[in-house]
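Q: Spelled out from the first residue to the last, the chains are:
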Amino acid sequence: SQQGEEDPQALSIQEGENATMNCSYKTSINNLQWYRQNSGRGLVHLILIRSNEREKHSGRLRVTLDTSKKSSSLLITASRAADTASYFCATTNTGGFKTIFGAGTRLFVKA
Amino acid sequence: GAVVSQHPSRVICKSGTSVKIECRSLDFQATTMFWYRQFPKQSLMLMATSNEGSKATYEQGVEKDKFLINHASLTLSTLTVTSAHPEDSSFYICSANGDPLENTEAFFGQGTRLTVV
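Chains as they are written, first to last, in our numbering: chain P, 1 to 111; chain A, 1 to 117.
Hints in this document: simulated from the structure, not taken from any laboratory.
Keep in mind that a hint or two might mislead.
[Stated by the list, open to error] One-sided excerpt, in silico: chain A residues whose CB lies under 8 Å from chain P:
| id | residue |
| --- | --- |
| 1 | Phe34 |
| 2 | Pro86 |
| 3 | Ile93 |
| 4 | Phe108 |
Idealized CB from N, CA, C, for every residue including glycine.
Input sequences plus hints: build the corresponding full structure.
A: Given below as structure tokens:
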């Protein structure tokens with residue numbers, strides 16, 4: 001990808017389990033965003049964390065950011081079948097305000 | 001949040017023809033917009049930065065003569081895929097940033113699925 005890597009590339013879990021996805025990036029950033037994309041559809045913005053923040057919560061989502069390691073994680077707790085989708089991290093850099101995407105993680109939650 | 005509208009959502013065209021995709025910021029002015037391309041099961045790749053009133057800035061490996069970008073107003077950017085070929089079939093999506101001082105997320109259009117036959 002243009003910015004960095006996400007791991008795992010694919011994740012398959014049972015409903016009710018937690019899902020953790022990791023993202024690494026390369027440049028200095030203003031913020032980092034997580035998006036969900038269902039197959040063949042547009043992007044759904046999940047959560048944004050700014051470079052001066054370390055952790056953020058939204059419902060069943062928890063995002064952490066470590067700027068020293070240039071990495072972030074997204075935790076989805078108590079997963080549901082409806083959480084099945086691809087998840088992307090994206091960073092907005094400090095210079096040109098470009099938003100660059102990671103490679104993405106395909107999550108499959110089995111009912 | 002701000003709304004970005006993209007049109008059309010789907011288009012099928014014949015090989016060799018050109019296709020125009022529009023991206024509009026509905027409730028804010030966007031001096032800069034961005035165009036991405038996404039192939040199946042892959043991530044979004046930034047193609048170019050569209051600058052109102054000036055030339056677009058293209059990412060490495062993106063042919064500027066093939067992907068024409070026009071940003072003639074503060075609310076509209078267009079991407080024209082010229083002389084389209086089947087390998088140009090992809091999902092194209094645009095975005096605009098909010099106020100940089102607010103440090104908010106980018107706002108994405110709904111995307112355009114282009115199929116070249």
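Q: Could you work out which earlier hints the structure fails to respect and list their numbers in ascending sequence?
A: 2
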